[in-house]
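*Asks:* Chains as they are written, first to last, in our numbering: chain D, 1 to 111; chain R, 1 to 115.
Keep in mind that the hints were calculated from the coordinates and are not lab data.
Any given hint could be a false lead.
Lysine-lysine pairs mimicking DSSO-like chemistry, simulated, CA-CA at most 30 Å apart [unchecked claim]: (1) R/K71 x R/K44; (2) D/K56 x R/K44; (3) D/K70 x D/K56; (4) R/K71 x R/K27; (5) D/K36 x D/K51; (6) R/K44 x D/K57; (7) D/K56 x R/K27; (8) R/K51 x D/K36; (9) D/K51 x R/K44; (10) D/K36 x R/K27; (11) D/K70 x R/K44; (12) D/K57 x R/K27.
These are the residues of each chain, in order.
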Amino acid sequence: GQQVMQIPQYQHVQEGEDFTTYCNSSTTLSNIQWYKQRPGGHPVFLIQLVKSGEVKKQKRLTFQFGEAKKNSSLHITATQTTDVGTYFCAAPWYGNNRLAFGKGNQVVVIP
Amino acid sequence: NAGVMQNPRHLVRRRGQEARLRCSPMKGHSHVYWYRQLPEEGLKFMVYLQKENIIDESGMPKERFSAEFPKEGPSILRIQQVVRGDSAAYFCASSDRVGNNQPQHFGDGTRLSIL
Chain D
1 GQQVMQIPQY QHVQEGEDFT TYCNSSTTLS NIQWYKQRPG GHPVFLIQLV KSGEVKKQKR
61 LTFQFGEAKK NSSLHITATQ TTDVGTYFCA APWYGNNRLA FGKGNQVVVI P
Chain R
1 NAGVMQNPRH LVRRRGQEAR LRCSPMKGHS HVYWYRQLPE EGLKFMVYLQ KENIIDESGM
61 PKERFSAEFP KEGPSILRIQ QVVRGDSAAY FCASSDRVGN NQPQHFGDGT RLSIL
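Work out the full structure, taking the sequences as your base and the hints as a guide.
*Replies:* Printed below as a string of structure tokens:
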């Protein structure tokens, strides 16, 4: 079945610095979604990318879909304490009406 | 404009008891997904339902677990004869249309603890 791999699994980021988290697949994806889960909270949909090479921005967050549609990245600039949480990517499970989630990138922000 | 509602938020059961987890999707949503999350891990798909139908239950254990989404009322995830390994957070999500390109809206989850 379809799997998406996320790297790194954990990150400690100094407040004010930038960081990137990655999502990779061995197969071409029709689209990819990103979610954020705060500690003790529930996943919240952030964005969906559909087109090859697509780049979308949400304030300090930049999402990118690779040209081959096999990988995606989320880049956050000027990290704030509110950025703490786990970031998940999710991709369609081929042939099924559901999503396969990566294991997530747990981000800790150091004040 | 209520979101996805799950209850209870926390549930404690003793081994051998039954656990019933409820999920009311967002208004207008007819597609419900159940996920299980262990500490420090991702979301594991369990089951996908539409009103009165189980569409995909390939992620759900064959024994002790069942799910339903009746015509009236919330979706129910039922775990019979619970064991310690069932302790986890169970999240429900809903979407308004079929298809794997639809955003999913999650509830707050039910944290199940087995004594």
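*Asks:* For each hint, tell me whether it holds in the structure or not.
*Replies:* Structure-based check of all given hints:
Using a Cα cut-off of 30 Å, the hinted pair R/K71 and R/K44 holds, with the two alpha carbons roughly 26 Å apart. For the suggested pair D/K56 and R/K44, the alpha carbons sit about 27 Å apart, so the restraint of at most 30 Å is met. The suggested pairing of D/K70 with D/K56 holds, with an alpha-carbon distance near 17 Å, which does not exceed 30 Å. Our distance criterion of 30 Å between C-alpha atoms is met by R/K71 and R/K27, whose separation comes to about 14 Å.
About 21 Å separates the Cα atoms of D/K36 and D/K51, which keeps this hinted pair within 30 Å; it holds. Our distance criterion of 30 Å between C-alpha atoms is met by R/K44 and D/K57, whose separation comes to about 28 Å. Taken as a hint, the D/K56 and R/K27 pair is honoured in the structure, with Cα atoms around 28 Å apart against an allowance of 30 Å. Distance hint between R/K51 and D/K36 is fulfilled; the C-alpha atoms sit about 28 Å from each other, no more than 30 Å.
For the suggested pair D/K51 and R/K44, the alpha carbons sit about 26 Å apart, so the restraint of at most 30 Å is met. As the CA atoms of D/K36 and R/K27 are separated by approximately 23 Å, the hinted pair is consistent with the 30 Å bound. Distance hint between D/K70 and R/K44 is fulfilled; the C-alpha atoms sit about 21 Å from each other, no more than 30 Å. Proximity of D/K57 to R/K27 is assessed by CA-CA distance (about 29 Å); at most 30 Å being required, the pair is judged to hold.
Violated hints are absent here; each numbered hint is respected by the structure.
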